[in-house]
Amino acid sequence: SQTIHQWPATLVQPVGSPLSLECTVEGTSNPNLYWYRQAAGRGLQLLFYSVGIGQISSEVPQNLSASRPQDRQFILSSKKLLLSDSGFYLCACWGRGTEAFFGQGTRLTVV
Amino acid sequence: GNSVTQMEGPVTLSEEAFLTINCTYTATGYPSLFWYVQYPGEGLQLLLKATKADDKGSNKGFEATYRKETTSFHLEKGSVQVSDSAVYFCALSPPGGTASKLTFGTGTRLQVTL
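Here the protein sequences line up with chains A and B, keeping their order.
To convert, note that position 97 of the first sequence is 97 in the working numbering; the numbers rise steadily by one, no gaps.
To convert, note that position 50 of the second sequence is 1050 in the working numbering; the numbers rise steadily by one, no gaps.
Extracted from the complex, chain B is given alone in its bound form (with noise of 0.2 angstroms):
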């Protein structure tokens, strides 16, 4: 079946820094990928997504590149703000797929320090 692997958190960064937090999937054919934000106490919010490989998503100075050849939707920000702390979830939906078949990661948390 479908799969995401996220790196465990929580991730704990300096602002300004440089963030990556690795997406690896595990799917049939060519799946969009998503990453959703969680906000403390809030639902989930898109960040960006991507429908097919070498797609670039990119979204308040977030980027996530689909790599078909490593199966990978890593997130990526130049330069992390206080105010982008929260949890990143990573996802995936199969081709022409609905959330009853989004399949997410268990999330990674991001803590930005001043």
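Bound conformation, chain A alone (with noise of 0.2 angstroms):
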């Protein structure tokens, strides 16, 4: 079955530092990968999701951006942290099943 890690766990940064958040997969080729955001309180935003290497879609404009380097990795970028940024991030994969598999999370907060 497909396994999802996600690194860190927990993250506190400065506002305006930088940002790298990187997902892997393990149990499938070639899945569709994605990424949410969880403000408080809040439901789950889908921020981009990515169908093969180098293919990078964006749902909502903001302060972030994505990358996929290889087949299985996905990673979560920001040249300058936002306070707005704060939020708890799941990497997700969706490959031959029929459901989306969720990573444990990275919660970020932007002081």
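Among the clues, some could well be false.
In silico SDA-like pairs for lysine to any residue, Cα to Cα no more than 25 angstroms straight-line [claimed, not checked]: (1) K1052/B / N32/A; (2) K1101/B / V15/A; (3) K1049/B / L1019/B; (4) K1101/B / Q62/A; (5) K1056/B / S1/A; (6) K1101/B / I75/A; (7) K1101/B / R107/A; (8) K1101/B / I56/A; (9) K1060/B / E99/A; (10) K1052/B / T1028/B.
Worth flagging that the hints you see were computed from the coordinates, not collected in a lab.
Combine the two chains into a complex, taking the hints into account.
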């Protein structure tokens, strides 16, 4: 079965600093990969998805970017963090099954 | 577009009480429906799913039935435990869809007390 690794689990960063969150997938090949953000007390917002290496679709305009340098690696980045970037970031994978699998998440606090 | 509406939380219940978390959806055609659970500090785990009308998804004592006529997928459990305390998300994807089209509700927090 598919396993998704996300790191770090928690991160505290100052405003204006860069960001890099990494997600890797095991147990499947050529998956669709997704980054979601969950703001405090709110639902899940899809940020980016990728159907293959180098292919990124952005769902909402924002201060973040994503890259997929390898088939099973998905990276979320920012050059300069904003306070509003704080939240819980989840990586998800949709492989050959009929449902999405999620990583354990990264809690980002921008101070 | 597609949308999912869940009941507002938090829902607070005593252990062994009956649980219902309402979920209704708006979508064209016959979407697949899901319930995901998020335990404190963790990611989402699939709890159950149903892919066509009248299907019943079940897992760990939880059940939900895909009702096309009422566009609903309510989550139920006959006797909740403290360990069920978590946030529950209802979600849908269109036929043949992927997570890029996976639409979530806002989540319902469940607190179970002794």
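Quick rundown of the hints versus the structure:
1. For the hint linking K1052/B to N32/A, the alpha-carbon distance of about 23 angstroms falls within 25 angstroms, and the restraint holds.
2. Taking the CA atoms of K1101/B and V15/A, the gap is near 32 angstroms; set against the 25 angstroms cutoff, the hint is violated.
3. At roughly 18 angstroms between alpha-carbon atoms, K1049/B and L1019/B fall within 25 angstroms of each other, so this suggested pair holds.
4. As the CA atoms of K1101/B and Q62/A are separated by approximately 19 angstroms, the hinted pair is consistent with the 25 angstroms bound.
5. Restraint check for K1056/B and S1/A: satisfied, since their Cα atoms lie roughly 23 angstroms apart, inside the 25 angstroms limit.
6. Proximity of K1101/B to I75/A is assessed by CA-CA distance (about 20 angstroms); at most 25 angstroms being required, the pair is judged to hold.
7. Between K1101/B and R107/A, the direct Cα distance comes to roughly 24 angstroms. Compliance with the 25 angstroms bound is thereby established for this hinted pair.
8. Pair hint K1101/B plus I56/A holds up; C-alpha atoms about 15 angstroms apart against a cutoff of 25 angstroms.
9. At roughly 18 angstroms between alpha-carbon atoms, K1060/B and E99/A fall within 25 angstroms of each other, so this suggested pair holds.
10. Proposed proximity of K1052/B and T1028/B is supported: the alpha carbons are some 13 angstroms apart, at most 25 angstroms.
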